[in-house]
Amino acid sequence: MDPLDVMMNKEKIKPYFQAIVSADKQLVVGYEVLTRFEGENGAESLGWFFQDKSIPDEYRLEVEDHVQRLALTKYMEEAQTSILFLNNDIDIVLKDDGENLLNRIMPFINQGLPADRIAIEFKESQILDKVEEGKHLLTYLQSLGIRIAIDNVGQSNGNLERLAMVSPNIVKIDTSFLENNSLPHLYRDVHHSLTMLSRKIGATLLFEGISTFNQLNYAWRNGGRYYQGYYMQMPKADFIDEGSCKERIQKEFHHFITFERKKMQAQLSLTNELSVKIKQAIKRIQAEDTYDEVITKIAEDCREYAFRIYICDQEGFQLSSNIEKDETDQWTLRSEGRYKNWSWRPYFLENIVRMNVEKRGILSDLYTDIEREEHIRTYSYPIAEEAFVFIDIPYTYLFEQDELL
Numbered sequence: 553m554d555p556l557d558v559m560m561n562k563e564k565i566k567p568y569f570q571a572i573v574s575a576d577k578q579l580v581v582g583y584e585v586l587t588r589f590e591g592e593n594g595a596e597s598l599g600w601f602f603q604d605k606s607i608p609d610e611y612r613l614e615v616e617d618h619v620q621r622l623a624l625t626k627y628m629e630e631a632q633t634s635i636l637f638l639n640n641d642i643d644i645v646l647k648d649d650g651e652n653l654l655n656r657i658m659p660f661i662n663q664g665l666p667a668d669r670i671a672i673e674f675k676e677s678q679i680l681d682k683v684e685e686g687k688h689l690l691t692y693l694q695s696l697g698i699r700i701a702i703d704n705v706g707q708s709n710g711n712l713e714r715l716a717m718v719s720p721n722i723v724k725i726d727t728s729f730l731e732n733n734s735l736p737h738l739y740r741d742v743h744h745s746l747t748m749l750s751r752k753i754g755a756t757l758l759f760e761g762i763s764t765f766n767q768l769n770y771a772w773r774n775g776g777r778y779y780q781g782y783y784m785q786m787p788k789a790d791f792i793d794e795g796s797c798k799e800r801i802q803k804e805f806h807h808f809i810t811f812e813r814k815k816m817q818a819q820l821s822l823t824n825e826l827s828v829k830i831k832q833a834i835k836r837i838q839a840e841d842t843y844d845e846v847i848t849k850i851a852e853d854c855r856e857y858a859f860r861i862y863i864c865d866q867e868g869f870q871l872s873s874n875i876e877k878d879e880t881d882q883w884t885l886r887s888e889g890r891y892k893n894w895s896w897r898p899y900f901l902e903n904i905v906r907m908n909v910e911k912r913g914i915l916s917d918l919y920t921d922i923e924r925e926e927h928i929r930t931y932s933y934p935i936a937e938e939a940f941v942f943i944d945i946p947y948t949y950l951f952e953q954d955e956l957l
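FYI, in this note's numbering the residues of the sequence shown are 553 to 957.
Treat the hints as calculated values from the structure; they're not laboratory data.
Honestly, I wouldn't trust all of these hints.
List time: in silico BS3-like cross-link candidates among lysine-lysine, alpha-carbon distance up to 25 Å [what the hints assert, rightly or not]:
1) Lys911 to Lys849
2) Lys675 to Lys687
3) Lys849 to Lys892
4) Lys788 to Lys798
5) Lys626 to Lys562
6) Lys577 to Lys752
7) Lys605 to Lys564
8) Lys577 to Lys803
9) Lys605 to Lys687
10) Lys605 to Lys566
11) Lys675 to Lys752
12) Lys562 to Lys605
13) Lys566 to Lys788
14) Lys647 to Lys562
15) Lys877 to Lys892
16) Lys835 to Lys849
17) Lys835 to Lys911
18) Lys788 to Lys803
19) Lys577 to Lys798
20) Lys831 to Lys911
21) Lys605 to Lys675
22) Lys647 to Lys687
23) Lys803 to Lys814
24) Lys788 to Lys675
25) Lys626 to Lys566
26) Lys849 to Lys877
Produce the entire structure from the sequences given, and follow the hints as far as they go.
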């Protein structure tokens, strides 16, 4: 379709509404306004029209203004109470310091539309380059009660510090990477950081692009309060009943909770087993044993669980060699690990303090081992006041247990 065809047939351009569902009440709490062209082939998305920078800004602004006014009018006529998400191009908005945007939405606010039911949405890739230029306008919009939502967060090279400067009310994360990426754990690290940042700045996490069971599960496990995507509801020309998705979401939540309980039980079982094994090994340790002799004895009792074992002090310095399984599944001491410091690893010092206080072992989250480039977990246990043994558990073992992955 040619851009001129769009401009010459504005009467065929309609707003469609994609529902946003909350995790807490499982009700529709908002809609993203999408632009559709109702032609001979049915309703076609005009996403390409807004993304094509070769199309004059005036054209894109005119269509944006047209469809958002229609959406706001319909919203008011039907007395909706959910949040209405309106997509905008930050470059176009800043051209006139937000005058067009404000002229579009203020008449509806003056007619009684609560400002906090409007969310102005910008893409992260655009807004992070305009933080200094656009901060004043964003702050003004928020002072009116209007929410700011940032879309596609975590996909650009923008940093968290600049995102914090924007101080959005809603952070949107796209789950589509789960369809074709074999290493979703890499995204988990990024999204964990976003979860922490969102909590600090008081922003709500919204996971979008959810089209499968696994994507909804990912959003649920990673702290998403709002969910959006075809899996819940396809975009429609009309608003839907707020409880339309409730039964299905509740059913999925039941599956998620059941599975997570099994995972927790499996992790607790492994933790208890390793604790027993280490205590057995400690009984055979003599006061004069070197740290390498200590890990050799522990390795004998933990053969089925581990591929690498070593000891660190409370400041992260490695006191022993690594004892590792070789190609023949035999234990071999490798001295090159001795005296390295691991305090830079996430949660290392926190776990040391916890082990000292709680006097028990800790099983790590799933992460990628640098040398083996595979998913592993590490079990750490206090064997003396200032010595802690670390047992690296291979992917093969975790895979066999299923719930440990």
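Results of checking the hints against the structure:
no.	hint	verdict
1	Lys911 to Lys849	21 Å, holds
2	Lys675 to Lys687	15 Å, holds
3	Lys849 to Lys892	22 Å, holds
4	Lys788 to Lys798	18 Å, holds
5	Lys626 to Lys562	17 Å, holds
6	Lys577 to Lys752	23 Å, holds
7	Lys605 to Lys564	22 Å, holds
8	Lys577 to Lys803	13 Å, holds
9	Lys605 to Lys687	23 Å, holds
10	Lys605 to Lys566	22 Å, holds
11	Lys675 to Lys752	21 Å, holds
12	Lys562 to Lys605	20 Å, holds
13	Lys566 to Lys788	10 Å, holds
14	Lys647 to Lys562	24 Å, holds
15	Lys877 to Lys892	20 Å, holds
16	Lys835 to Lys849	10 Å, holds
17	Lys835 to Lys911	17 Å, holds
18	Lys788 to Lys803	24 Å, holds
19	Lys577 to Lys798	8 Å, holds
20	Lys831 to Lys911	12 Å, holds
21	Lys605 to Lys675	14 Å, holds
22	Lys647 to Lys687	14 Å, holds
23	Lys803 to Lys814	17 Å, holds
24	Lys788 to Lys675	23 Å, holds
25	Lys626 to Lys566	11 Å, holds
26	Lys849 to Lys877	14 Å, holds
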